[in-house]
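> If you want the building blocks of each chain, they are given just below.
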Amino acid sequence: MKVSKLLDKVRKQKPIVHHLTNWVTIYDCANIVKSFGASPVMAHAPEEVADMAKIASALVLNIGTLTTDFIEAMKLAAMSANSKGIPVILDVCGAGATPFRDIKCFELLDQVRINIIKGNASEIAKIAGENVQTKGVDAGKVEKNLVSVARHLAQARKATVVITGKEDIVADQSKTFIVRNGDEMMTHVVGTGCMAASVIGTFTAVHSDLAEAAAAGLACYEIAAEQAAGKANGPADFKVKMFDAVFNLNGKTADLKQRIIKK
Amino acid sequence: MKVSKLLDKVRKQKPIVHHLTNWVTIYDCANIVKSFGASPVMAHAPEEVADMAKIASALVLNIGTLTTDFIEAMKLAAMSANSKGIPVILDVCGAGATPFRDIKCFELLDQVRINIIKGNASEIAKIAGENVQTKGVDAGKVEKNLVSVARHLAQARKATVVITGKEDIVADQSKTFIVRNGDEMMTHVVGTGCMAASVIGTFTAVHSDLAEAAAAGLACYEIAAEQAAGKANGPADFKVKMFDAVFNLNGKTADLKQRIIKK
Amino acid sequence: MKVSKLLDKVRKQKPIVHHLTNWVTIYDCANIVKSFGASPVMAHAPEEVADMAKIASALVLNIGTLTTDFIEAMKLAAMSANSKGIPVILDVCGAGATPFRDIKCFELLDQVRINIIKGNASEIAKIAGENVQTKGVDAGKVEKNLVSVARHLAQARKATVVITGKEDIVADQSKTFIVRNGDEMMTHVVGTGCMAASVIGTFTAVHSDLAEAAAAGLACYEIAAEQAAGKANGPADFKVKMFDAVFNLNGKTADLKQRIIKK
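For the protein sequence lines, the chains are S, X and P, in the order given.
Mind the numbering: the first sequence is residues 1 to 263 in our numbering, read in order.
Mind the numbering: the second sequence is residues 1 to 263 in our numbering, read in order.
Mind the numbering: the third sequence is residues 1 to 263 in our numbering, read in order.
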């Protein structure tokens, strides 16, 4: 896949990516979008979310620090995004950790159109109806074949499904990509998972094949992570270098380094 | 202008700067105040904002992630600040992006005394009644002469007006400063605009001529940005170096490097 | 004290540390826990805090940006933590700055079991009933002998008391530790105090003697700070290096460098 084509489109179109996300990693989510050259906006008041979604090209929802009111605002934003036809990405952050999280995820999935469901292995397994226990917001162990879990969920929810991990799985109703980029150092920094959802939002904002866009975005992000990890003294230094590697990412390098496999 | 005199006052007096700000850049807003040697405090509960404003020397309001309740808390804080006679800075972050934002900005401007109105070109143009469309929270294009917009708004609202951008404009009812410091790298980092409001709050906390204080604060902040940009590998590295350049900023260097023009 | 034994336990057990904390430093609180190898989780919805506390090994409460509703959620989380028997750490951030803060601190202390009360000198003095004025969220001056304040409060509240500062004091009902690690650079970065509470939470999650755990955690954290300060160009660079020093901290080095004195 020529990921550079999508990277160029992001940098030229500078799409607005609207977020209703968690309060822990909200800065990093905004900043990764900005580092890719796009324009993040964070707004959650029920009085304005529909209007904000209307001027955006993608909507990213992340339930990391959810409340009941916040989920209601997400629904308003998503309904606006749905009617405008822009992609809605749901990061099911921490699904499986508490019944409340699961209930709210299913509410969102049932009441609005979610175009991309994104999580780590245990979170997606939970949403897919597998019997797992999430370890807070960090990934727990899942025994099942993850590609199969992703594909089934994509069918069941008529959505694109992204499972992030050592290898990322991106499945829609007709195809599956495996993204083999990234570095173990990402697991030692809070927010790399949340940022992945923002990156997916950024790339789907400029490309209509959502699975392709998600895979390309993840590959670019994780190539930057690989470049940063090689020079980093630890996770905090790595994070600084990763943002800069995203900002400086060369399209040709990205095309050479991308390890996206179509299954 | 001898910006070093104000910088010294900030470092010696260590004023408390109370914020009701957005959840995206709240850390950076606090940390830039701290890096200048002052003492940030963030508090938004309606039960305590008036008391907190009473122990502060400036109040910074930023509507970036506003809600109705949050604006009400801002009013309580501002009324307390007004009665104590400390400056109130309003960052009209994202004005023009949604009707809700504009309504709430005007509510604040009409119901409490705002001493400094701060925004980028399209945000201030919106508040001044010009016909513009803000691009989310990033600056859109404005055709009008910005100095004239700032001056008229300063007259109309009997306030100091700050338009940040490649050149910053600071206008009160009798004079205008242009601040020609800063670096393009600032536009690639989320939060540099929000931090500018916090810097203005910090400097107005120690100097009664608000336009002078705002111009001096912006110059110091942006000189630090210039120093950081020269050595930075990208925006994230730049940001780290900018905070440290603020912390280490030498008064004499600041006086030499400041490019404030009085009009 | 062999702090390395506790450090190893943190890294091996990777305990979940549940936080209800402030919105300013929430990222750093999560990230310091992660840098020590443990698993942070931030969740504040009243519908889920009890469940989240049940899967955690420690609960950290920080009132930095408190609201009435948020305190109520803290109580629910703490009651769940109490019934599970995991330690509850309360950072009385900004106590003394407003009456509202003090009232809410005492409510928490009276209505749920707080195992560790943590603050800077003026905050703890306020909670102990001394007559002090806190300077926002930064430490004010306290005349009284701090060890005596800590010991009396530990007796009165049947809790472990931690006073952070140039020297940290950790007192329970039968013993007192003084931790002489750390660096002045920590005072120039927003969030080092909040992170200290998260570190205490992380170490108490794996060791039942809470005073020992708190002292060991603080020593490890502050040894990392010492290592970082020696190489740092300013507070922002220091902060990056401190996280990495935590991540890379060698157990033997920690045992050699720890300056914990038992009184």
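Treat the hints with caution; some may be incorrect.
Just so you know, same-sequence chains aren't split out, so a pair can sit in one copy or run between any two.
[Claimed, not checked] Straight-line distance between alpha carbons at most 30 Å, and here's what the computed DSS-like set of lysine-lysine pairs gives:
| # | residue 1 | residue 2 |
| --- | --- | --- |
| 1 | 75 | 262 |
| 2 | 252 | 84 |
| 3 | 54 | 166 |
| 4 | 75 | 54 |
| 5 | 263 | 75 |
| 6 | 166 | 84 |
Hint data in this document are derived by calculation from the structure and do not stem from the laboratory.
Keep in mind the model is a prediction, meaning the values are calculated, not measured.
> Now tell me if each hint is right for this structure.
Structure-based check of all given hints:
1. 75 / 262: The answer is neither: 33 Å in one copy and 50 Å across copies each exceed 30 Å.
2. 252 / 84: neither (34 Å within a copy, 55 Å between copies)
3. 54 / 166: Answer is between; shortest inter-copy Cα gap is 29 Å, intra-copy 35 Å.
4. 75 / 54: Close inside one copy (14 Å) and across copies (29 Å); limit 30 Å.
5. 263 / 75: Neither: 33 Å inside a copy, 50 Å across copies.
6. 166 / 84: neither (34 Å within a copy, 34 Å between copies)
The earlier numbered hints that this structure contradicts are 1, 2, 5, 6.
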